[in-house]
Amino acid sequence: MFTYLPHKDSLKDYLTVEENLLNWLELIGSKIQKEKFFNHLKFFKLNDLRNNLIGNLSQGQRKKVSLTKLLLTKCNLWILDEPFNSLDVDSIKKTKKMICSHKANGGSVILASHINLNIEGSKRMFIKSPKQKISNKIANFDTWDNIK
Amino acid sequence: MNLDFFKLVKREIKIMLKNFSIIYSFSTFFVVASLIFVFSVNDISYVKVFYKSIVWIVLIFSIMLVSENFLNEDFNDGSLKELQFLGFSEESIMVSKSIAMWIMIMIPMLFLMPLVFIFFQITLYELKGLVINLFLATPSLTLISILSSLFSVQLKRNKIIQFVIILPFFIPMIIFTTSTGTLFESHNLKENQFLILIGIFFITLPVCLIAGRLIMREINK
Amino acid sequence: MIFSLANPLRFQRLIEKIEPITLNIAIILLLIGLFFCFFGSPPDYLQGETVRIMYIHVPCAWFSLMIYSIIALCSIFSIVFKHTLADLISRSCAPIGACFTLATLLSGSIWGKPTWGTWWVWDARLTSELVLLVIYLGLIIINNAYEDKSKADRYSSILAIIGIINLPIIKWSVDWWSTLHQPASISKFSSPSIDSSMLLPLFIMTFSFLFFFISILLVRVRGEIIQRKIEVIRFNRMVS
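Chains as they are written, first to last, in the numbering used here: chain A, 63 to 210; chain B, 600 to 820; chain C, 50 to 289.
The set of hints was computed from the structure by calculation and includes no laboratory data. Hints may contain errors.
[To be verified] With a cut-off of at most 30 Å between alpha-carbon atoms, the simulated DSSO-like pairs for lysine-lysine come out as follows:
#  : chain 1 : residue 1 : chain 2 : residue 2
1  : A       : Lys165    : A       : Lys70
2  : A       : Lys96     : B       : Lys758
3  : A       : Lys107    : B       : Lys758
4  : A       : Lys156    : A       : Lys98
5  : B       : Lys613    : A       : Lys93
6  : A       : Lys70     : B       : Lys651
7  : B       : Lys617    : A       : Lys93
8  : A       : Lys136    : B       : Lys758
9  : A       : Lys107    : A       : Lys74
10 : A       : Lys93     : B       : Lys758
11 : B       : Lys758    : A       : Lys98
12 : A       : Lys136    : A       : Lys96
13 : C       : Lys198    : C       : Lys278
14 : A       : Lys159    : A       : Lys107
15 : A       : Lys70     : A       : Lys159
16 : A       : Lys96     : A       : Lys156
17 : C       : Lys162    : B       : Lys758
18 : A       : Lys159    : A       : Lys98
19 : A       : Lys70     : B       : Lys758
20 : B       : Lys680    : A       : Lys93
21 : C       : Lys162    : C       : Lys278
[Stated by the list, open to error] Quick list of simulated restraints, FRET-style, between CB atoms:
#  : chain 1 : residue 1 : chain 2 : residue 2 : range
22 : B       : Val631    : A       : Ile172    : 44 to 54 Å
23 : B       : Met705    : C       : Trp221    : 32 to 42 Å
24 : B       : Val630    : A       : Ile181    : 38 to 48 Å
25 : A       : Ile172    : B       : Phe605    : 48 to 58 Å
26 : C       : Ile275    : B       : Val637    : 22 to 32 Å
From the three backbone atoms N, C-alpha and C, an ideal C-beta is built for every residue, glycine too.
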């Protein structure tokens, strides 16, 4: 069981924050108590915003809402695609804290990011040149010349 | 697995009901477009003859326009990708979307049918045939239009391609719903018409599911 | 055999050898066939001289169906094995098929005017052939709509597979519905309902069209291969 947050935030503009999160919870088939839910919303200070439509929120607030999804479930593996985009410094620190505590509880996280987090015990992989990847996508036409 | 599918359907219907303005704009489009057809007919008595063609052509175009709200939105905010990653199969995503869309079409259409009855001055018998046709043909129409919006989901420039690509596949539906028997000079068409519509549905269902699966796999590459 | 040819570079070298031969054969057969069409075959006792349109119309119709089946087969092949050559062939087949379909419809309507009295009737055979043309146009549009060519290939092959439904409808439309269009004359080789003096030019024309199709296809495939190579070179220069 894992939680995946895609690059886009996958939130519906015309639903409120609360509805979005509850719909998502129902979809993955887990339930949560009302009080616990509100407590988790407090982590990113989204408590006052919970009845606002997602379409009215700013980009950073949307990102926080989608990061809150991680708190709501108890998954071992988190797969995050650029989770720090459009976040302010405070929230990045908070997210780092979240990831550290998840690690302390025995969970694991895979994430792609431009920011170096310096979490202890984490392994880093650098992807420098996109050349190989993209030319693979246009079929292997450059390798044809080698086959003679 | 079964449980998952019903959850998906529940989610789609919930989202659809929240976004009630689609239903409103769908029914408004239907009324306005049929009005324009009526005005374009020279002699008003022809309207009575052509009511089937008008209703079905307007319905097809409105379904094509509405289908964008179901897939393109999901694609643009990334929830299509998320659904696939959560482990829902492509077929179940497509079927759940079609069910939500079918409900979304049928609710306003049932309310609009009396309007059609008054506007085009048709008999009660003809109205009954129209409603039965509506029930039998819209499932395949929704499936095909969901497929067409899958084709155009990554095209940002021209949505018109969606129409060009997929409109030829509406032809059998149009022929048998409006029962243009004179077109093919076949005499035993009218009795079997309902059965043919059901048969078309059972052809379109697997074809659309297989093609939809292939396209959805392709989208995230 | 197929897989050894599946390397586009080897295929390109093969094309360069075959292409002039097929084009020459096509031209020679076309000249012979045209001679037989106009001078070597008798006029029909009912239709008179207009029957000579048949020698263009029927092969074109056959090829409009055959090219679509080639596209469909290549599409299935490219979806199953994800091979680029199948994509190239189906991509370059689509405009040729569209031309053959258009030729069928045009020659058919020219033939229809003296025999049926109208340019166009909405009967099953003609309508389904028109639908085939529209599907071809859809394929061409998809092929050119996406910036990413491999994605365009995949989408167009999916559309081509859906469009297979139309083929049996065209083939058997004359049997299923009572139409103006006559049923197929050459269904069994043992006893065709055409006299052999008319059959001979028909077959010569068919083979000439076949070689013509092959040579045009080869030219287009070679063009596609070169174009993709240019794209890769340009891309590599941009990245590095």
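For each hint, the structure was consulted:
Distance check on the hinted pair: Lys165(A) and Lys70(A) sit about 25 Å apart at the alpha-carbon level, within 30 Å; holds. As the CA atoms of Lys96(A) and Lys758(B) are separated by approximately 43 Å, the hinted pair breaks the 30 Å bound. The hinted pair formed by Lys107(A) and Lys758(B) fails the criterion: a straight-line CA distance of about 41 Å is larger than 30 Å. Between Lys156(A) and Lys98(A) the CA atoms are separated by roughly 19 Å; this keeps the pair inside 30 Å, and the hint holds.
For the suggested pair Lys613(B) and Lys93(A), the alpha carbons sit about 17 Å apart, so the restraint of at most 30 Å is met. Of the pairs offered as hints, the one joining Lys70(A) and Lys651(B) is violated, with about 43 Å between alpha carbons and a cut-off of 30 Å exceeded. The suggested pairing of Lys617(B) with Lys93(A) holds, with an alpha-carbon distance near 22 Å, which does not exceed 30 Å. In summary, the hint linking Lys136(A) to Lys758(B) is not supported, as the alpha carbons are separated by about 42 Å, beyond the 30 Å threshold.
Annotation: proposed proximity of Lys107(A) to Lys74(A) holds, straight-line Cα distance about 20 Å (limit 30 Å). For a cut-off of 30 Å, the pair hint linking Lys93(A) to Lys758(B) is broken: about 40 Å separates their Cα positions. For a cut-off of 30 Å, the pair hint linking Lys758(B) to Lys98(A) is broken: about 45 Å separates their Cα positions. Distance check on the hinted pair: Lys136(A) and Lys96(A) sit about 16 Å apart at the alpha-carbon level, within 30 Å; holds.
This hinted pair checks out: Lys198(C) and Lys278(C) have alpha carbons roughly 13 Å apart, not beyond 30 Å. For a cut-off of 30 Å, the pair hint linking Lys159(A) to Lys107(A) stands: about 15 Å separates their Cα positions. Restraint check for Lys70(A) and Lys159(A): the C-alpha separation of about 23 Å stays at or below 30 Å, so the hint holds. At most 30 Å may separate the alpha-carbon atoms for a hinted pair to count; Lys96(A) and Lys156(A) meet this at roughly 23 Å.
Restraint check for Lys162(C) and Lys758(B): the C-alpha separation of about 38 Å exceeds 30 Å, so the hint is violated. Using a Cα cut-off of 30 Å, the hinted pair Lys159(A) and Lys98(A) holds, with the two alpha carbons roughly 19 Å apart. At most 30 Å may separate the alpha-carbon atoms for a hinted pair to count; Lys70(A) and Lys758(B) meet this at roughly 22 Å. Distance restraint check for Lys680(B) and Lys93(A): the Cα-Cα separation of roughly 23 Å lies within the 30 Å cut-off, and the hinted pair is therefore satisfied.
Taking the CA atoms of Lys162(C) and Lys278(C), the gap is about 48 Å. The hint is violated against a cut of 30 Å. A C-beta distance of roughly 51 Å is found between Val631(B) and Ile172(A), which places it inside the suggested range of 44 to 54 Å. A C-beta distance of roughly 35 Å is found between Met705(B) and Trp221(C), which places it inside the suggested range of 32 to 42 Å. At about 59 Å, the beta-carbon gap between Val630(B) and Ile181(A) misses the expected band of 38 to 48 Å.
In this structure the supplied range 48 to 58 Å is violated for Ile172(A) paired with Phe605(B), their Cβ-Cβ distance being about 31 Å. Our hint of 22 to 32 Å for Ile275(C) and Val637(B) is violated, since their Cβ atoms are close to 56 Å apart.
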